[in-house]
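Trainee: Residues per chain are reported as follows:
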Amino acid sequence: MSLVALPSAIAEASTTGQLGTGAATLAQATADPAGVALFAALALPFLGALVTPLVYRALGERTAWFAALVAFASFGLVASQFGTTGSVSIEWIPTLGVSLSLYLDGLSLLISLLASGVGVLVFVYSAGYMHGEPGQARYYGTLLAFMGSMLGVALAADLIALFVFWELTSITSFGLIGHYRESESSLYAARKSMLITVSGGLFMLVGFVLLAFVSGDALGSTTFTLIGTPDSMIANADAMRTALESAGLFVPVLVLVAIGAAAKSAQVPLHVWLPNAMEAPTPVSAFLHSATMVKAGVYLIGRMRPLLVGDEWMLLLGTLGLVTMTVTALLAVGASDIKELLAYSTASHLGLITAGFGFANQLGAETGAFHILNHALFKATLFLVAGIIAHEAGTRAISELGGLRHDLPITGIITAIAALGMAGVPPFNGFYSKELLFESAYEVAHELGGLAWLFPAVAVFGSVFTFLYSIRFLWLFMGEKPAGLGEVHRPSLALLAPPVVLAGLAMIVGIDPQLAVDTIVQSAFGSAVAGEAHTMSIHLPTELTPAVAMSAITILSGIALSPFYDRLRDGVRRLTHGPLSADWYYDKAVYGLERASGLALPRIQTGQFRTYAAWMLGVTSLLALAGYLAAGISVPAFSDLSITAPVVIVLLVAIVGAAAVTRAPSHIAGVLTLSVLGFMVALFYVLSSAPDLALTQLVVETLVLVIFLLVLDRLPAFYGDADRGKVARDAVLAGGVGLTVTISVLVATAGSPDAIARFFVERAPVPAEHGSILADFGGGSNIVNVILVDFRAFDTMGEISVVAMAALGVLTLVAMRGRGESS
Amino acid sequence: MTQFVLAGVLGLLFAFGTFLVLRRDIVRVVWGVTIISQAANVYLVTMGGLAGSVPILGHGPPDDPATITDPLVQALVLTAIVISFGTTAFALVLTYRIHEEHGTIDLRELGETGGES
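The listed protein sequences derive, respectively, from chains A and B. With the UniProt record's numbering applied, the first sequence corresponds to residues 1 to 823, in that order. With the UniProt record's numbering applied, the second sequence corresponds to residues 1 to 117, in that order.
What the hints contain is simulated information worked out from the structure, not anything from laboratory work. All of these numbers come straight from a predicted model, not from anything done at the bench. It is possible that part of the hints are untrue.
As the list claims (entries may be wrong) - Per the computed footprint, the stretches of chain A lying under chain B, defined by three or more beta-carbons under 8 Å from a beta-carbon of chain B, are: (1) 598-608; (2) 701-713; (3) 732-739.
To be verified - Computed list of chain A residues with no C-beta within reach of chain B, every gap over 10 Å: (4) Leu-47; (5) Ala-79; (6) Glu-133; (7) Arg-138; (8) His-539; (9) Leu-561; (10) Val-572.
Stated by the list, open to error - For the chain A half of the interface with chain B, some residues (derived, Cβ under 8 Å), not all of them: (11) Ala-614; (12) Ala-690; (13) Ala-757.
Glycine included, each C-beta is placed from N, C-alpha and C at the ideal position.
Assemble the whole structure, with the sequences as input and the hints as a guide.
Mentor: Written as C-alpha cells, this is what we have:
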C-alpha cells in the first residue's frame, strides 16, 4: 500500500467502519478506529525497512535508534486507537471479494501493542547488543519488516491478508534466524523454522479456503472476511458452524487451522524449530519468543475461538496445549544452555496459552488472553537478560554460570521478578494466569468427570517442571561464582534499560493485576469469547479454592524436587535421544528428501538435451492424460467423415512432407521437405477461411527457407546416429506424445464456446452509422486485423518486441563474435 | 467429422516433431520445434471451427455472427506464426554460433563435454 492511496482509504474507511460497528455485537463497541492510524501503523515498519539501507549509510550503527523511532511511531499510532473497535478496509482484488481490511479489537490491540512496544525495546537493546556485528543494515531492515508482518497478522480482518502476513513473518524470521550466514547451525535453524512454519501455514491456508467455501452456504455469498462486518464469518458464527457440520468439514477445518497455529506456536511435536531458533542474535530471540512469531499461533487460536469452540475444540487444543506444556517443560529442565532453557520454556508457556484457549469455558479464554500479556513481559525480559549474561560473561552454558548477583545486581533483581513470574509464584504476574488455567481445568474436570480429571492433573504436573527450571534460571544469580567464570562486565544502559522497563511492567501487573485487566486484558478476553463475556476480576486469593490448592501443590513439589534437579536433568537428556525426540524425525525426513533428490538428479539433469526434452514432453503428456482421466472426460464418439477432398489432399501431403523430414538424408533435403509442410499448412489456412494466416505463412515460410539455406551453407553435414535401440525408444515416446495430442484435439474441439468470437465479430466492423461509436468499436472490415491493431494492440506490441529481440540476438550472435570474449 | 481427421493428422505431426527433437543433430532439433509449432497453429485454427466464412466483412455488423469463422484464433495464430519465425531464425543463428565456438553440432558431444572443447 502506498501513502498516496491513503486518502481514499480513509474515505472508504469511514463508510465500512460504520458497518463494522453495527455488526460488532461480539465486543463492546465504543467507537470506530481511525483508518489512517491503523494503515499508517502497519505501513510504517515496511516503509522503514525499505529505507533502512539508505539510513544505515547515513547513520551507521545508530540505525537502531531510527528503527526504534519507527517502532515507537507504530506503537503510538496503535495506542492512539485504544478503546476503539471496528474495521477499516481498502479494496484489493474486488472481483474475488478480497480486500485489505484491518480490524481492531481487544485481542488485536493487545498483540499489536506487544509487537510494537516490545519492538521499541528490542531496537534500543540492539543498539547496545549489535555493536560491531556484521550485516546491520540487513538486520534492522528485516527486523522492521518482521514487526510489520506481525502487526499485519494481528490487524488483518481478512483470511487472505492474514495468511499473507502470516507467511511474511515466516519469511522475515528466516532471514533473522539465519542472520549469521557463515554459521552452519544458524542456516540449519533458519531452514528448519522456515520449513516447519511455512508448511504449517499451508495447512492453515487449506483450512481458510474450506472456511470460505462453506461461507457460501452459510452466508449466501462466499467471503474471506473473518471479522468486522455484518456478513463476516465470526459475526455469523452459528450459521458457519451449522454449515461446517452439515458439510462434514468442521473437524477438518479445525485440524487444519490447529496445525498452522501449532507449527507457528511451537506446539508438540512441531516445537522442534524453536530451540534451534536461538541461533538468531539474542534481541531477535527475545522478540520472536515473546511478542511476535510464536504469538501469531496463539493469536489465531484466540481469534478463531468464537467461531470453532466446542467439544472437539477442547479435546484437540486442550490436550495439545497441556501435552506441549508438560513435554517442553521437561525438555527445558534438560537444557544445557540458558537460551535453550528459555526456548523450551517458551514452547511450554505457549502450551499453557493454547490449553487456556482450548478449554471451552470463559475462564479458559481469560487464561489465554492474560497469559499472552504476562508471558510477553517476563519472557522478553529473560531473553534480554540472557543476552546480557552472554554478552558480559562470555558464556551461555548453565553449568559455567553462577553467583552473577555480585557483578550484575540490577540484572539480578529484574531476573527475580521475571523468573518468579514464570514460575507462577504469587504475587508475580505469571501466578494469576496460571491460577486461571488451574481454575478452568478444574471446572472442566468437575463438569465432565472421568478422564477429564487428567486435564488438571497434567496441568499441575507440567507446572512443577516450569517452577523447577524457572528457579534454576534464577539460580544463575545465586550461590557462588564458579572458578572458571572470568570477569563479568557491567552492561551498558542500552542493554539494561529495556529489560528494566519490561520487568517494571511485569511487577506492576503482579502487584495490581486488576489494573492490567481493566486496561486491556478484559477486552482481549472479550474477543476470544463467543457471545457476551463476563467481567474479569483478578486478585490475590484469600480463601482456599481448588486452584489455590493446585498452586500450592505445584510450588511445594517444586521446592521438594529442586535438590534433585541435576538428576532430573540427566534423566531428561538420556530420554531425548533417537526416536524419542521429534528432532530425530525431522532430521531423518529432511535427510531422506535430500537423498531422494540426490538420486533423482543425475537421471533428470544429465546435461544431454535429449534427456531434458524427453522428460518434459513425456511428463507433460502424462499429466495431460492423467488430467483427462481424473476429470472423467470422454472422447466424442466417432462419426462419419464429412471432409472435403482438397483438405484431405493438403493434409496428406503435409504428413508426407513431415515424414520425409524425419528421414531426410541431408540437411538440404530436410529443409526442402520442411518447406513442403509449411506451404501445405498455408494451403490449409486458405481452405479454412483464414486468408491472413495463409499470406503470413507464405511470407514467413519463404523467409525461413532462405535463412535455413544461408545457415546450412556454413554448417557441416551431419548424418545423425544409427543407434536402433535409441530410435525405437524415441519412436515410442513420439507415439505417446502424438496420441496425447490426438486425444487433446478431440476433447478440445468437441465443445466450442464462441462467446468471445461473437464479441469481436459484432464489434470489429465499421458501424452502419458512423459517429462517436468509433471509440468503442473497431471500425474495420477485416476482423482479424482489427483484433491485432485495436482490441489486442498490446499483444501485437509484445509480438513486435519479441521479433525485435530475436533480430538483436541474431545480430549479436553473428556480428559480435571475437569482440569481448575469445574462443 | 473433420475433427477426427485433423486429430489424427495433428497427432502424427507432433509425433514426427517429437522424434526430431530427440535427435543428436541440432539442425534436426530445430526442424522438430518448427514442425511442432506449425502443428500447434493448425490445432488452434481447428479449434475455431473450419466451417464458417472468411472473417472479412463489408459495411456494418454481419446479419448472423455465428456463420463467421472464429477471428480470435486467427489473430492468435497470426501472432504465433510471426513469433515462431523469430525464434526459428534465432535458433538457427545460435546453431551457427555453436558450430563456430565448439566445432560441432552434435548435441551428445556437447552434452558430454559440457560445452568445453
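Trainee: Please go over all the hints and tell whether each is borne out by the structure.
Mentor: Taking the hints in turn, this is what the structure says about them:
Coverage of a stretch by a chain is defined here by at least three residues with a beta carbon nearer than 8 Å to that chain's beta carbons; for the region 598-608 of chain A and chain B the count is 3, and the condition holds. With 6 residues carrying a beta carbon less than 8 Å from a beta carbon of chain B, the region 701-713 of chain A meets the three-residue requirement, and the given coverage holds. Remark: the region 732-739 of chain A is confirmed as covered by chain B, as 6 of its residues place a Cβ nearer than 8 Å to a Cβ of that chain, reaching the required three. Residue-level check passed: A/Leu-47 sits 41 Å from the nearest beta carbon of chain B, beyond 10 Å.
Taking the minimum C-beta to C-beta distance to chain B, about 57 Å, the non-interface status of A/Ala-79 holds against the 10 Å cut. The Cβ of A/Glu-133 sits about 41 Å from the closest Cβ of chain B, beyond the 10 Å cut-off, so the non-interface label holds. Every CB of chain B lies more than 10 Å from the CB of A/Arg-138, the least distance being 35 Å, so the non-interface label holds. Taking the minimum C-beta to C-beta distance to chain B, about 75 Å, the non-interface status of A/His-539 holds against the 10 Å cut.
No Cβ of chain B approaches the Cβ of A/Leu-561 within 10 Å, the least distance being about 65 Å, so the stated non-interface status holds. No beta-carbon of chain B comes within 10 Å of the beta-carbon of A/Val-572; the shortest separation is about 53 Å. Nearest Cβ of chain B to the Cβ of A/Ala-614: about 6 Å, under the 8 Å cut. The hint holds. For A/Ala-690, the interface hint holds, since its Cβ comes within 8 Å of a Cβ in chain B; the closest pair sits about 5 Å apart.
At about 4 Å, the closest approach between the beta carbon of A/Ala-757 and any beta carbon in chain B falls short of 8 Å, and the interface hint on this residue holds.
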